[in-house]
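Going line by line, the protein sequences match chains A and B. Mapped onto this note's numbering, the consecutive letters of the first sequence carry residue numbers 1 to 433. Mapped onto this note's numbering, the consecutive letters of the second sequence carry residue numbers 1 to 580.
Among the hints, erroneous ones may be present.
As the list claims (entries may be wrong) - Here are the simulated BS3-like pairs of lysine-lysine, each with C-alpha atoms no more than 25 Å apart in a straight line:
hint: 1; chain 1: A; residue 1: 294; chain 2: B; residue 2: 524
hint: 2; chain 1: A; residue 1: 294; chain 2: B; residue 2: 579
hint: 3; chain 1: B; residue 1: 173; chain 2: B; residue 2: 515
hint: 4; chain 1: B; residue 1: 524; chain 2: A; residue 2: 31
To be verified - Computed footprint of chain B on chain A, listed as stretches where at least three residues anywhere in the stretch have a Cβ under 8 Å from a Cβ of chain B:
hint: 5; segment: 42-50
hint: 6; segment: 70-84
hint: 7; segment: 263-277
hint: 8; segment: 380-393
hint: 9; segment: 407-416
Treat the hints as calculated values from the structure; they're not laboratory data. In this text, a Cβ means the ideal position worked out from N, Cα and C, and glycines have one as well.
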Amino acid sequence: MTTNIIRGFIGIKSNDGHDAPILVVADILKKAGIEVILGGYDLTVDKFVEAIITEGVHFAGISSYNGGHIPFFIAVRDRLKIENYPFIHLIGGGGSTISPQDITLLESENGIDKIFKSGEAGLSVPFIKDHYDFCNVPDSPEELIDGVKAGNKLALSAFVNLAEDKARLDSMLQEKIGRINMNEGSEQFNQLLNEPLGANGGLVKQALERSKYLGNCLAQLEPSGNSHRSVVIGIAGRGGSGKSTLTDELILRYFNDPRTENRKVAILAVDPTSATSGGALLADRIAFMYATDKNWVDTSRVFIRSMASRGAGNGISFALPDTIKILKSAGYDIFIETYGTGQPDMGIVSLVDQAVYVTTPDLGGATQIAKEEMLQIPGTFVVLNKNELQGARHVSSLLQGSIKQENLFFTTAIEHNNPGVNQLYNALTRHFH
Amino acid sequence: MSILAIVQANEQYNKSIELSVQRAKTEKKYQEQLQKQWDRNLKNIKSHQLPTGLEIPLIAVPQIDHPAQIARYQGEWGFPGQFPYGLSIYEKSFLITDGERDHEEPTRIFAGLGTPELTNERFHYITQCQQSKRLSTAFDTITLLGRGADNPDYFFDIGEGGVSITTYQDVQKLYEGFLDTNVSISMTINGPSLWMTAARLQAAREAGQNILKVRGTSQTDPCKEDDAQNELLFPLDKSIRLAMDMFEWCARNAPLYYPINVSGYHIEQKGATPIQQAAFTLANGFVYVEEALQRGMSIDSIGKRLPFFFTSGMDFEYISLLSAVRRFWAVAIRDVFGAVDPSTQKLKAHVQTSGRSLFEREILNNITRTALELFYALLNYPQALHSNSYDEPITTPTEGAVRIATDAQAILLEELGGFKDMMGFLSDSSGRMKAYHLVLEGILDYFRQINEMGGILQAKAEGFFRDEIARSSALYDHQVQTGQRRIIAVNHYNEGRGSPREVTRVEISTEMKQKRVDDVKRFKSKRDLQKVKGNILKLQEIAGNGGNVFEITMQIVKDVTLDEWTNALQQVFGLYRRKI
Ligand SMILES: Nc1nc2c(ncn2[C@@H]2O[C@H](COP(=O)(O)OP(=O)(O)O)[C@@H](O)[C@H]2O)c(=O)[nH]1
Ligand SMILES: [Mg+2]
Chain A
1 MTTNIIRGFI GIKSNDGHDA PILVVADILK KAGIEVILGG YDLTVDKFVE
51 AIITEGVHFA GISSYNGGHI PFFIAVRDRL KIENYPFIHL IGGGGSTISP
101 QDITLLESEN GIDKIFKSGE AGLSVPFIKD HYDFCNVPDS PEELIDGVKA
151 GNKLALSAFV NLAEDKARLD SMLQEKIGRI NMNEGSEQFN QLLNEPLGAN
201 GGLVKQALER SKYLGNCLAQ LEPSGNSHRS VVIGIAGRGG SGKSTLTDEL
251 ILRYFNDPRT ENRKVAILAV DPTSATSGGA LLADRIAFMY ATDKNWVDTS
301 RVFIRSMASR GAGNGISFAL PDTIKILKSA GYDIFIETYG TGQPDMGIVS
351 LVDQAVYVTT PDLGGATQIA KEEMLQIPGT FVVLNKNELQ GARHVSSLLQ
401 GSIKQENLFF TTAIEHNNPG VNQLYNALTR HFH
Chain B
1 MSILAIVQAN EQYNKSIELS VQRAKTEKKY QEQLQKQWDR NLKNIKSHQL
51 PTGLEIPLIA VPQIDHPAQI ARYQGEWGFP GQFPYGLSIY EKSFLITDGE
101 RDHEEPTRIF AGLGTPELTN ERFHYITQCQ QSKRLSTAFD TITLLGRGAD
151 NPDYFFDIGE GGVSITTYQD VQKLYEGFLD TNVSISMTIN GPSLWMTAAR
201 LQAAREAGQN ILKVRGTSQT DPCKEDDAQN ELLFPLDKSI RLAMDMFEWC
251 ARNAPLYYPI NVSGYHIEQK GATPIQQAAF TLANGFVYVE EALQRGMSID
301 SIGKRLPFFF TSGMDFEYIS LLSAVRRFWA VAIRDVFGAV DPSTQKLKAH
351 VQTSGRSLFE REILNNITRT ALELFYALLN YPQALHSNSY DEPITTPTEG
401 AVRIATDAQA ILLEELGGFK DMMGFLSDSS GRMKAYHLVL EGILDYFRQI
451 NEMGGILQAK AEGFFRDEIA RSSALYDHQV QTGQRRIIAV NHYNEGRGSP
501 REVTRVEIST EMKQKRVDDV KRFKSKRDLQ KVKGNILKLQ EIAGNGGNVF
551 EITMQIVKDV TLDEWTNALQ QVFGLYRRKI
C-alpha cells in the first residue's frame with residue numbers, strides 16, 4: 001500500500017537556536033502534504049533519537065548552523081541503529097556553515113541521505129517524495145504486542161502508527177462504502193470490492209482486509225497489569241491559549257509528585273491537518289521543555305506523540321481512541337492536547353476522565369462566553385491562562401459568574417511554580433487514586 | 001512607567017522646534033540672541049591644515065542666511081556635543097590634528113575561538129598594532145547557555161563559534177595579559193552574564209587591579225533576548241532582576257564598568273527593519289531605567305552607565321538611525337526623567353556592520369558592503385565600531401579576514417579625507433535630515449502603539465515585538481528571493497559566475513574539544529566539594545529571598561562553575577520559555 005502519509009521530524013541541533021531555515025522547510029513540507037513534526041531548538045542526540053522513535057517518523061531532518069554538525073549527524077545515525085529503528089533516513093541543512101566538503105563527507109561516506117544547501121529548501125519536497133513514500137506499518141504487528149505490554153517505546157510507537165493507518169483506511173472506506181449504505185454480500189457491494197480506493201491506494205477489498213486485520217491486532221491488546229488505573233486528561237482550547245505550555249508544566253509537577261513514582265505518562269498532542277494539502281505542522285513539542293529534559297523529569301517514563309487530525313473535525317484524530325487504548329495497555333497516564341478551534345473540540349470530552357478548557361483574557365464578552373460550548377459542560381475545568389495580561393480581570397469576573405469556583409482556575413503558565421497551575425495540578429490529581 | 005509621557009515629551013520637543021523657528025522669523029530680540037550664540041559657537045572653531053596644504057575648519061557648520069535657520073539647526077541637531085545630540089555626543093571625534101588623534105580609536109574586534117588559550121593568542125595578535133586595547137569576546141553557545149564543556153551531550157559544540165568557558169580558571173587564561181585597567185574588555189554574553197562578569201572582575205582583582213577602575217562592557221540585555229535571540233537561562237522577569245542586581249552592584253563597586261549593553265543588533269539580525277530596531281531597543285532601554293529607578297538609583301547614575309549597541313546596514317535609514325535614537329533618548333531622559341546633567345542625557349553607542357547583509361556568493365563583495373556600512377555608521381558618530389569579516393556567512397572569522405575588517409575602519413578614519421579632517425562634514429545634509437525625521441516619526445509611532453498595549457512589558461508578553469520582527473523578516477526574505485531587494489551576485493548579475501570561492505574555515509579539532517573537557521574536569525575534581533555545595537546553597541537562598549545575586553556570585557565565582565551556577569538558579573527560577 002503506498003497511500004501512507006509521510007511523517008517527518010525536524011529539529012535544530014544542540015546549542016543552536018537558528019530557527020529561520022527550519023521554519024521555512026516546515027512550511028514547505030506541510031504545504032506538500034507531509035506531516036511534519038517540529039522538534040524545536042537545542043536538541044541533543046538523545047532528544048532527537050527519542051523523538052524519532054516515539055513519533056514513528058519516516059525521516060528526520062537536522063538543522064545546524066553553529067558548527068559541530070558532522071559528528072552530530074553521525075551520532076544520531078549510530079544511535080538509531082543501536083535502537084533498531086527501522087527507518088534511518090536523515091536529511092539536513094541549516095546554512096552555509098556546512099561546507100561542500102562536509103556535505104560530501106556526510107552524504108557519500110556516512111549514510112546521510114541528503115544535505116540541502118541554503119536556498120535549496122524547495123528541493124526537499126521532491127527528494128522526500130521520491131525516497132520516503134512507503135508504508136511504515138510493520139507486517140506482523142502481533143510480534144509487537146509483547147513489546148507494547150512491556151512498555152517498549154519502539155513497539156508502542158509502531159502500534160500507534162498502525163492505529164493511525166487503520167483510522168486512515170477506515171475513513172477512506174467510510175467515504176466509499178458508507179454513503180451507499182448497502183448490504184455486505186450484495187452484488188453492488190461485491191462490485192465495489194474490486195474498485196480502487198483513493199488515488200494511488202489498493203483495492204477496496206484489500207483495504208477492508210487490512211483494516212479488519214489491524215482491528216484484530218488492536219483487539220488483542222489487554223488492559224495493563226498495573227494496580228492503578230490509567231488517568232486520561234484532555235486539554236482543549238484555542239491555538240495559542242497556552243495548552244502545550246500548561247501541559248508541560250503539569251508534567252513537571254507530575255514528576256515532582258511522590259504519588260506518581262511508579263507511574264508513566266504519555267502526551268498526545270493533536271494538531272490540525274491542512275485541508276488543502278493534507279499535510280500538517282505539528283509544533284506542540286517545542287513547548288514541552290521540561291517533559292523532554294532529563295535534568296527535570298525521568299524521560300524514560302514519558303512518551304510523546306504528535307498526531308495530525310487527518311480529517312476529524314472535532315479537535316481530535318480518528319486514531320485517538322485506539323491510541324489511548326494502546327497507551328493504557330502499556331500502563332500510561334495520558335495527557336491529550338487537542339487543537340483548538342473554539343467550539344468543535346468537544347470530541348475530547350467523551351474520551352477523558354477530566355476535560356480542561358483553556359482560555360485567555362482576549363476571550364471576549366459575555367455573549368462570546370455563552371457561545372463557547374465547552375464552557376457549558378458541567379464538570380469541565382476552565383482555565384483562564386495568561387492571567388497576567390491586560391483584560392484578565394474583566395474576563396475572570398465574567399467567568400466567575402458562570403463557572404463553579406472549584407472548576408475555575410487562573411494561571412500564568414509561563415511563570416515558574418505558578419500558584420494557579422499548582423492548583424490545577426492538585427485538582428487533577430484527585431483522579432490518581 | 002508612563003510610555004505616554006515619553007511620547008508626549010518627544011511630541012512636545014518637536015513642536016518646540018517649530019515654535020522657536022517661528023519666533024526666529026518674527027521676534028527681533030530672539031533673532032539677535034540666536035545670532036549672538038551662533039557667532040560665539042563659530043568663533044570657537046579652530047582650523048587646521050590638510051596634507052594637501054588646504055586650510056579647513058575642524059567642525060562643519062551650515063551657511064546661515066537667516067536666524068530661523070539657526071533655530072532649526074540647534075533644535076534639530078545641536079552643535080556637536082550639544083543637546084539633542086543629533087550630530088554627536090562629543091564636540092570632536094575622529095579628528096586627526098597635527099598627526100595626532102584626539103580620541104581613542106573606536107575599533108573593537110570580536111574574537112573567540114575554541115579554547116581560552118587560543119583566543120588569548122588571537123587577542124594578542126589583534127591588538128599588537130592597536131594604540132588603545134579594546135577586546136570583544138565571542139563565546140561558544142554552550143557557554144552562552146550557561147552549560148559546562150564537560151557535559152557529554154554537548155561535546156560536538158565545544159568551541160564552535162566562540163570560546164568555551166566553564167570555570168574561573170578559563171576566564172583567567174582567556175584574559176591573561178589584558179587584565180590591566182587600561183584595557184577595555186567587552187563580553188557578548190547575556191544569560192550567564194553575572195557569572196562571567198563576576199569572574200572577569202575577580203580575575204582583575206587577583207591580577208592586582210582595583211575594581212573601581214576596571215573598564216569594559218557585558219551585554220546582559222535580557223529584553224532583547226526575549227525579542228530575538230532566545231538565549232535566556234531564566235524567565236524574562238527573573239532575568240531582568242538579575243541584570244539589575246549586577247547593574248546596582250556595579251554602580252557602587254565598579255563604576256567604570258558597563259554591566260548592561262542595550263542591544264538592537266540582534267533584533268535587526270532577526271529581521272527587524274531599522275525603525276523597529278531603533279524603537280524596540282529604546283523601549284528596552286527604558287525598561288532598565290525604570291527598574292533601576294525603582295531600586296532607588298538616581299537617573300544620573302543610571303543614564304551614565306547604559307550604553308547601546310546598534311547595527312549599521314545597507315538600508316537608507318542607517319544614514320541617520322543612531323542620530324535619531326540619540327535625540328529620542330535625550331529628550332525623554334531630560335524631559336521625562338528630569339536629568340539635567342548632559343552626560344546623563346548622552347546615549348553612548350557601539351555600532352556593528354550587519355551580518356545579515358553578507359552573503360556567501362562572491363564572498364569578497366562582503367568587504368565592499370561592510371566598508372559602506374561602516375561609512376554610514378560613522379556619519380552618526382558612534383563611540384565604538386565593529387566591522388564584520390567577509391567570511392562570516394560561512395565560518396568563524398579567519399585571521400586574514402579579521403585583519404581586512406579592522407583595516408577597513410582605519411582606512412575610513414585615517415586615510416580617507418573626511419572624518420579625520422572635519423567633524424560632521426556631511427552630518428546635516430538634506431538626505432540625512434529627511435531620514436532623521438522619518439526614523440524619529442517611526443519610533444514615535446511604535447511608542448504610541450506600545451502605550452496603547454499597556455506598556456513595554458505587556459507588549460512583550462503579548463508577543464508584539466516578536467510578531468513585528470517576524471513580519472519584517474518574512475518580507476525581507478521574500479524581497480531577496482524575488483529580487484525586489486537587489487543583492488549583487490546573489491539575485492542580480494548572478495549569471496556566469498563560477499562556483500563559489502573556496503574559503504578556509506576555522507576548524508575546532510576533536511583534540512581541542514577533548515582538552516576542554518579534561519581541563520574542566522580537572523578543575524572540578526580539585527575543589528573542596530563540601531564548600532562548593534555550601535556556596536551553591538547560599539546562592540539559591542539569596543536568589544529565593546530576593547537578595548543581590550551578583551554580590552553572592554562575586555563571592556563564589558572562583559569556586560562554583562558556570563554550569564553549576566546556572567543549574568542552581570534554574571532550580572529556583574525555572575527555565576526560560578522561548579517564544580515561538
Ligand atoms: N504572556 C503569557 N504567555 C503565555 C502564557 N502561557 C503560554 N504563553 C505563550 O503563549 C504562546 C502559545 O503557547 P502554547 O502553549 O504553544 O499554546 P497552544 O497553542 O494553546 O498550545 C507561547 O509563546 C507561550 O510561551 C502565559 O501565561 N502568559
Ligand atoms: Mg499547542
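Comparing the hints with the structure gives:
1. A hinted pair counts as satisfied when its Cα atoms are at most 25 Å apart, and residue 294 of chain A with residue 524 of chain B qualifies at roughly 22 Å.
2. Annotation: proposed proximity of residue 294 of chain A to residue 579 of chain B holds, straight-line Cα distance about 21 Å (limit 25 Å).
3. A distance of roughly 14 Å separates the Cα atoms of residue 173 of chain B and residue 515 of chain B; the hinted pair therefore holds under the 25 Å criterion.
4. This hinted pair does not check out: residue 524 of chain B and residue 31 of chain A have alpha carbons roughly 50 Å apart, beyond 25 Å.
5. Residue count for the segment 42-50 of chain A with a Cβ under 8 Å from a Cβ of chain B: 4. That meets the three needed, and the coverage hint holds.
6. Coverage of a stretch by a chain is defined here by at least three residues with a beta carbon nearer than 8 Å to that chain's beta carbons; for the segment 70-84 of chain A and chain B the count is 3, and the condition holds.
7. With 0 residues carrying a beta carbon less than 8 Å from a beta carbon of chain B, the segment 263-277 of chain A misses the three-residue requirement, and the given coverage is violated.
8. Counting residues of the segment 380-393 of chain A whose CB lies closer than 8 Å to any CB of chain B gives 4, which reaches the minimum of 3, so the coverage claim holds.
9. Coverage of the segment 407-416 of chain A by chain B holds [criterion: at least 3 residues with CB-CB distance below 8 Å; count 3].
Hint check: violations occur at hints 4 and 7; the rest are consistent with the structure.
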